[in-house]
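A.B. asks: Okay, here's what each chain looks like letter by letter:
There are 2 protein chains.
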Amino acid sequence: MNQAVHNKRLRLKRVGIDTYRENVVFMNRNCCVYRAAGFQAMSKVKITADGRTILAVLNVVLNDLMVAPEELGLSEQAFQQLGLPEGTRVCVDHPEPPVSMDAVRKKIGGDILGQEDFYCITRDIVQNRYSRMEMAAFLVACVETGLERSEVLVYTKAMAATGQRLDWKKPLVADKHCIGGIPGNRTSMVVVPIVAACGIPIPKTSSRAITSPAGTADTMEVLAEVNLSPEKLRRIVQKEKGCLAWGGTSRLAPVDDVLITVERPLGIDAPGQMVASILSKKLAAGSTHLLLDIPLGPTAKVRKRDYAHQLRKIFEYVGDRIGIHLEAVITDGSEPIGRGIGPVLEARDVMSVLRNKKDAPVDLREKSIDLAGRIVEFDPAVRGGRGRTLAEEILTSGKALAKMEAIIDAQGRKPQIPPVGSMVYSVCAESEGTVASIDNYRINRIARLAGAPLDKGAGIYLHKKVGDRVERGQELYRLYSEFEADFNFAKAYIKRYSNGYQIEADA
Amino acid sequence: MNQAVHNKRLRLKRVGIDTYRENVVFMNRNCCVYRAAGFQAMSKVKITADGRTILAVLNVVLNDLMVAPEELGLSEQAFQQLGLPEGTRVCVDHPEPPVSMDAVRKKIGGDILGQEDFYCITRDIVQNRYSRMEMAAFLVACVETGLERSEVLVYTKAMAATGQRLDWKKPLVADKHCIGGIPGNRTSMVVVPIVAACGIPIPKTSSRAITSPAGTADTMEVLAEVNLSPEKLRRIVQKEKGCLAWGGTSRLAPVDDVLITVERPLGIDAPGQMVASILSKKLAAGSTHLLLDIPLGPTAKVRKRDYAHQLRKIFEYVGDRIGIHLEAVITDGSEPIGRGIGPVLEARDVMSVLRNKKDAPVDLREKSIDLAGRIVEFDPAVRGGRGRTLAEEILTSGKALAKMEAIIDAQGRKPQIPPVGSMVYSVCAESEGTVASIDNYRINRIARLAGAPLDKGAGIYLHKKVGDRVERGQELYRLYSEFEADFNFAKAYIKRYSNGYQIEADA
Numbered sequence: 001m002n003q004a005v006h007n008k009r010l011r012l013k014r015v016g017i018d019t020y021r022e023n024v025v026f027m028n029r030n031c032c033v034y035r036a037a038g039f040q041a042m043s044k045v046k047i048t049a050d051g052r053t054i055l056a057v058l059n060v061v062l063n064d065l066m067v068a069p070e071e072l073g074l075s076e077q078a079f080q081q082l083g084l085p086e087g088t089r090v091c092v093d094h095p096e097p098p099v100s101m102d103a104v105r106k107k108i109g110g111d112i113l114g115q116e117d118f119y120c121i122t123r124d125i126v127q128n129r130y131s132r133m134e135m136a137a138f139l140v141a142c143v144e145t146g147l148e149r150s151e152v153l154v155y156t157k158a159m160a161a162t163g164q165r166l167d168w169k170k171p172l173v174a175d176k177h178c179i180g181g182i183p184g185n186r187t188s189m190v191v192v193p194i195v196a197a198c199g200i201p202i203p204k205t206s207s208r209a210i211t212s213p214a215g216t217a218d219t220m221e222v223l224a225e226v227n228l229s230p231e232k233l234r235r236i237v238q239k240e241k242g243c244l245a246w247g248g249t250s251r252l253a254p255v256d257d258v259l260i261t262v263e264r265p266l267g268i269d270a271p272g273q274m275v276a277s278i279l280s281k282k283l284a285a286g287s288t289h290l291l292l293d294i295p296l297g298p299t300a301k302v303r304k305r306d307y308a309h310q311l312r313k314i315f316e317y318v319g320d321r322i323g324i325h326l327e328a329v330i331t332d333g334s335e336p337i338g339r340g341i342g343p344v345l346e347a348r349d350v351m352s353v354l355r356n357k358k359d360a361p362v363d364l365r366e367k368s369i370d371l372a373g374r375i376v377e378f379d380p381a382v383r384g385g386r387g388r389t390l391a392e393e394i395l396t397s398g399k400a401l402a403k404m405e406a407i408i409d410a411q412g413r414k415p416q417i418p419p420v421g422s423m424v425y426s427v428c429a430e431s432e433g434t435v436a437s438i439d440n441y442r443i444n445r446i447a448r449l450a451g452a453p454l455d456k457g458a459g460i461y462l463h464k465k466v467g468d469r470v471e472r473g474q475e476l477y478r479l480y481s482e483f484e485a486d487f488n489f490a491k492a493y494i495k496r497y498s499n500g501y502q503i504e505a506d507a
Numbered sequence: 001m002n003q004a005v006h007n008k009r010l011r012l013k014r015v016g017i018d019t020y021r022e023n024v025v026f027m028n029r030n031c032c033v034y035r036a037a038g039f040q041a042m043s044k045v046k047i048t049a050d051g052r053t054i055l056a057v058l059n060v061v062l063n064d065l066m067v068a069p070e071e072l073g074l075s076e077q078a079f080q081q082l083g084l085p086e087g088t089r090v091c092v093d094h095p096e097p098p099v100s101m102d103a104v105r106k107k108i109g110g111d112i113l114g115q116e117d118f119y120c121i122t123r124d125i126v127q128n129r130y131s132r133m134e135m136a137a138f139l140v141a142c143v144e145t146g147l148e149r150s151e152v153l154v155y156t157k158a159m160a161a162t163g164q165r166l167d168w169k170k171p172l173v174a175d176k177h178c179i180g181g182i183p184g185n186r187t188s189m190v191v192v193p194i195v196a197a198c199g200i201p202i203p204k205t206s207s208r209a210i211t212s213p214a215g216t217a218d219t220m221e222v223l224a225e226v227n228l229s230p231e232k233l234r235r236i237v238q239k240e241k242g243c244l245a246w247g248g249t250s251r252l253a254p255v256d257d258v259l260i261t262v263e264r265p266l267g268i269d270a271p272g273q274m275v276a277s278i279l280s281k282k283l284a285a286g287s288t289h290l291l292l293d294i295p296l297g298p299t300a301k302v303r304k305r306d307y308a309h310q311l312r313k314i315f316e317y318v319g320d321r322i323g324i325h326l327e328a329v330i331t332d333g334s335e336p337i338g339r340g341i342g343p344v345l346e347a348r349d350v351m352s353v354l355r356n357k358k359d360a361p362v363d364l365r366e367k368s369i370d371l372a373g374r375i376v377e378f379d380p381a382v383r384g385g386r387g388r389t390l391a392e393e394i395l396t397s398g399k400a401l402a403k404m405e406a407i408i409d410a411q412g413r414k415p416q417i418p419p420v421g422s423m424v425y426s427v428c429a430e431s432e433g434t435v436a437s438i439d440n441y442r443i444n445r446i447a448r449l450a451g452a453p454l455d456k457g458a459g460i461y462l463h464k465k466v467g468d469r470v471e472r473g474q475e476l477y478r479l480y481s482e483f484e485a486d487f488n489f490a491k492a493y494i495k496r497y498s499n500g501y502q503i504e505a506d507a
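Protein chains in written order, with our numbering: chain V, 1 to 507; chain B, 1 to 507.
These aren't lab readings, by the way, just hints derived from the structure by calculation. Please note that a few of the clues may not be correct.
Each pair may be met inside one copy or between any two copies, as identical chains are not told apart.
In silico lysine-lysine, BS3-like type, Cα no more than 25 Å apart, as pairs [unchecked claim]:
1) K239 to K106
2) K169 to K491
3) K313 to K491
4) K170 to K358
5) K46 to K495
6) K495 to K106
7) K304 to K106
8) K491 to K46
9) K495 to K464
10) K46 to K304
11) K491 to K358
12) K495 to K169
13) K414 to K106
14) K414 to K46
15) K232 to K357
16) K157 to K491
17) K414 to K170
18) K304 to K491
19) K46 to K399
20) K313 to K357
21) K169 to K464
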């Protein structure tokens, strides 16, 4: 128990264990430091050497196979973050409690947090000082009592400040974003090539799906590399005006990418968090103009017009104060857009629209033209009302397709689009009539259970949409899975709950 | 990617890693199951074999040292829970999402949960279906919008139903509990021997400290074994009438012990959770009568009389409906009780009171007699108002001490009380005058930073209490640490914030 023993340094060992975004270290149960310092398994410890420090969760190893008593094993994440060679002598200590957890506890108690609080919290998270448990506490605290506008504003700035910041040195850098909730709604992949083909810079970064079966990043990844460095992203946008990248590896507001690893499994998605996540990314990405798509419908994320307006006002409030010209459009979110749901199936829809194929989904095409038209009008040189026509011309002429191909090549074309899942199941109408509604939530859920977005080829292809006539036994949609477990979950869900379709008998 | 590969069974291996209460499994990066099933590091997986199933967090190992590609490594917790020998062929699969997380999300959204929700949640937690992240989400959700009385009642029952339940088959089984917040307030260790010496059964189980420098279990552990099996606890109480055990290993409402592993590092402590935690333990322990101590003071856990009354009413509401006769007393929580703070220092105070030492802390003695007197009067044979006198006689006569020694022997006496921490620092008055107040919160915080309760000998010994005269430079209290890091944290805190004492100059 004497200090000499407690301060003894351990030899650093890379044990080659992938622990995703969480730092983990391994200590032998008979390690003198473990015994002397009174560490507890799964508690956080601080590792210091040569002026570098990391925090990690401690796992205690009961035998000598992985680490000897005088060694400290580091997971890949911890090893990379510490950045010192194997064999380095390191000190292990109790960490100072992350100071910003006091602010989280204040929030749990219902307080309003200030700028300093949010800066501390986001800094601590980005520096890996929070465990997933602590992040969950912070996120749930922000969801439950909600965040005031003023909090969303400082939280947005704090999130943007955690990473790099791009400056395009241009008066107009456009962006678009959809708050999500509508299956198949991949308009960005049509809008970006149209806008870029008009000569307006639109460096689009997206996150991966949180609660949906595919995000733009997941779908674009089917066609091209989406993990782009800030330098590469800049080069592509300079040359092609547009890109469709994942926001994660580009280190724009990286705290959001850390938080998503907790939001995703918890399945939480709250307004304040949503506004701050979206606008911090846009701020860091150097956008000057943003078109925001808020789909409204009985099974969309936003179900009431009042709430859509309230949300729009928070976006406008924060946008104005961080210097982004923001226009929010409330769109039809009553059923899925397009026919494919899941990365591969959605990528096919997008390409058929860009190729002006006869069987391309009309709703995806029309909505994309509408949105692109609004963005084109951000350009002061475009006369009010002319945007839509311009956008349609560019799409119909094939210029948008050519631009998309150029963007795919610039980002790094994937050798081939993966096939859809090999396990196929047809969901058929149980009665004849007209499709009265399609439940976005259920369709999302079923497509996720089928394996999307992790299994790229998994998902759903809709054969019938609202207003279509169906005969009894006629196929409504087809389910695709890559693995039997997922396939069975999705089928069991349909059987237990609903296939998501409501068929109205003819009068 | 074919199903045959995906369903291939892995050989179970015990890798001897202690991951506390969380199940962890280790899979080789080149394992065919890992590649085929699209698992993600740190995600949850389901392990099945011979009709047994466990859930665990997946760590992916990048080399072959710990597990070969055809092996699945299990942490000690996972290995124990699965209960199958090494070499068993096991199936690894995606787990069904824990159904009760839907209820947690409802709670996050502000809904009131029903009986079925709480039963599902507590069952899933006890069966290790929740990660620490998910538990944090549940706990924070319950803190923030709070729990209705009706929710606390069903939550209490649900928690009690997660483990064993004792039935003493006696009309009077007494218990006492303090809601905490007051440093040094170790009355249970005086009350239990007094009440037991009266012949009233009092099988006291306590949790360890959550946010304080010592719980009764931590302090008793200095003198005796506190990890007692239900059988041993029963035998001790039958023979000695009383015990002072840790509630954790006795499998009474074990969900609480799991939740504490998240509450403790998060430092959250909310009324609904508190009432359900306390009363579920008492219900499972078979208590029929409970005396509840609610200390009230400006720096106590309960700071307003209104809140104390509100809390008492929730306790009474739930107590009445689960069949426990409950009396709540609101006590003086204006300063620490006794002089020692931290397990060893508090154990010394307790023993000096039981030994009727002249220098024993008067407040600890008097408060213990008061509380014991109230409990003694639970016995219908004792005339109202006689309890206090009886209790005092038993303490003064040495019968309480003899009972305590018998209980210590029955539980398993520790060979010797550990010494106090070897690093000592005197905190002295900066001005002369009278001690006007001592801040419970700060004193708790300082004692915890000094290393209590994990380091048994760490803590604080108070030389001056409220009302005492002090000269400038005179010692107020002494700080004890076992490790330099803790010692420095505690000293830095005092320097930065406050030593917790307010000295009033003479008029």
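A.B. asks: Look at each hint and say if it fits the structure.
C.D. replies: Do the hints match the structure? See the list:
1. K239 to K106: neither (48 Å within a copy, 48 Å between copies)
2. K169 to K491: Classified as neither; 52 Å inside a copy, 51 Å across copies.
3. K313 to K491: Neither. Shortest intra-copy (40 Å) and inter-copy (48 Å) distances fail the 25 Å Cα cut-off.
4. K170 to K358: Neither: 38 Å inside a copy, 82 Å across copies.
5. K46 to K495: between (50 Å within a copy, 23 Å between copies)
6. K495 to K106: between (45 Å within a copy, 23 Å between copies)
7. K304 to K106: between (31 Å within a copy, 19 Å between copies)
8. K491 to K46: Answer is between; shortest inter-copy Cα gap is 19 Å, intra-copy 47 Å.
9. K495 to K464: within (19 Å within a copy, 71 Å between copies)
10. K46 to K304: neither (48 Å within a copy, 39 Å between copies)
11. K491 to K358: neither (32 Å within a copy, 76 Å between copies)
12. K495 to K169: Neither. Shortest intra-copy (55 Å) and inter-copy (48 Å) distances fail the 25 Å Cα cut-off.
13. K414 to K106: neither (48 Å within a copy, 41 Å between copies)
14. K414 to K46: neither (41 Å within a copy, 32 Å between copies)
15. K232 to K357: Classified as neither: same-chain Cα gap 32 Å, cross-chain 77 Å, threshold 25 Å.
16. K157 to K491: Classified as neither: same-chain Cα gap 44 Å, cross-chain 35 Å, threshold 25 Å.
17. K414 to K170: neither (31 Å within a copy, 74 Å between copies)
18. K304 to K491: Neither, since 31 Å and 55 Å both go past 25 Å.
19. K46 to K399: Neither: 55 Å inside a chain and 49 Å across chains, both beyond 25 Å.
20. K313 to K357: Intra 38 Å, inter 70 Å, cutoff 25 Å: neither.
21. K169 to K464: So K169 and K464 fail the 25 Å test inside a copy (47 Å) and across (66 Å) alike.
Hint check: violations occur at hints 1, 2, 3, 4, 10, 11, 12, 13, 14, 15, 16, 17, 18, 19, 20 and 21; the rest are consistent with the structure.
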